[in-house]
Amino acid sequence: MIILETKNLSFSYPDGTLALDNINISIEKGKKIAFVGRNGSGKSTLFLSMNGTHRPKKGEILFHGESMKYDSKSLRDVRKNIGIVFQNSDDQIFAPTIYQDVAFGPTNLGYPKDKVESIVNNTLEYVGLTHLKDKPPHHLSGGQKKRVAIAGIVAMDPELIILDEPLANLDPVGADEVMDLLNELNYFGKTIIISTHDVDLAYGWADYVFLMNEHKVISEGTPESIFMDEENLKTAYLRRPVTLEIYEEIKRRGLVKPQCCPRDIPDLVHSLRSQQLLWAKVPSEVKEGDYINLGILYGDYAPDSGYEAANCKVLHVHEDNLAIVEMERRPYRAGFIGIYDTSRYSKNELCDIILRDEIECVGAMGKRSKILAERDEIYLHVTAGVVDRSILNSLAGQRCLILTNGGMVCHAMKRIKGYMEKSGINIPVTVVNPEQKKPEAESTNN
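Sequential numbering from 1 applies to the sequence shown in UniProt numbering.
Hints were generated in silico from the structure; no laboratory data involved.
Don't be surprised by glycine CBs; every beta carbon is placed ideally from N, CA and C.
There may be inaccurate statements among the hints.
Unchecked claim - 27 Å max Cα-Cα, derived DSSO-like pairs, lysine-lysine:
| # | residue 1 | residue 2 |
| --- | --- | --- |
| 1 | 31 | 80 |
| 2 | 7 | 216 |
| 3 | 73 | 257 |
| 4 | 113 | 58 |
| 5 | 73 | 115 |
| 6 | 32 | 80 |
| 7 | 257 | 414 |
| 8 | 80 | 133 |
| 9 | 190 | 313 |
| 10 | 257 | 69 |
| 11 | 32 | 417 |
| 12 | 57 | 73 |
| 13 | 287 | 251 |
| 14 | 313 | 58 |
Said to hold, decoys possible - Using C-beta positions, here's what the derived DEER-type ranges look like:
| # | residue 1 | residue 2 | range |
| --- | --- | --- | --- |
| 15 | 428 | 28 | 29 to 37 Å |
| 16 | 414 | 173 | 49 to 57 Å |
| 17 | 225 | 40 | 39 to 47 Å |
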């Protein structure tokens, strides 16, 4: 379903400077979309046009199939349903306190005071800022300001959220927290659009990419199709993502599987050829070209490896039934990934689970989970790239635990199961504190 589209959209500033040139795009509802281009390519101007701030010189914008109108009532409806977060949070945050800033949108929508209070409190808890609600915004860090700006938009419950360079000026931890939040919003059905010149971010995160240069969309498609096209990247003055650069380099050395396009580190690791030549004793009837399963624990040769020899191809049979075999490796003892839902948090329960399940690596996703861990002195081994790190650690045999809540519980589970399906490797994964079903009231016969 198409939620927003532009037809022959062009825009010029009052001095005649062309900013958008004949833009024709369609945005699918519920997707994660990235507009990628260098500074000055037209991304910010396009976003301001999408929510009605800029009126096009030519063409039109359609929201749910209806052409955007520019009278005050129509624009009010548009901006309720299409929220935009500016690159510089200071341009968006203006109220004396965080609470008042987040309350601005719902109040302007005419909601009664008690409803505004409920919305603001729930939204601040959702983004992990309840403890700062009475603070002046200028006391906050860059990452906290970004979450306040996002909270102000989320409080109006828009269908589509647009973020202009959402990770600008954020440290790695702050950036990871913002992306966790966007992933959770997307899981709950929000369409998320970002602009960025960070090709690594767009490649690993987006469902669909629009490539911009010189005020035009010059290409669109899946991240794989966009970032494998070197000519388009050169035209847009962009480079390939690092993951693809590494993959192409090791492919030239014959170390990876063909026809693979890894989008993250676990995918890249899985793309590596896991083959090795080995002398092995084989049954007398075995001949060259046969496939056999030796059933040898690869740990006999590398004690720290969680692999077994399987599906070995016989390359040469020597005398005395000794053969050279090409051994493919597959994990035989992947570790474990537990997911702890911090919306049902209990310090004693969590500590018991860490001991009971012999957890070796604890990570946290989302500000709420990190705040709880810090408060109760739960040591976190991982605070960024938590799902990917947990997958990699589990493949090395470690037992991992992810602390998170809300939609991120399902997001983490989906990401892990997606890797399992793609790789064929089974990783035991479960929610370790599932919600308990309330017992049904017993019926009584009168």
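Numbers of the earlier hints that this structure fails to satisfy, in rising order: 3, 4, 9, 10, 13, 14, 16 and 17
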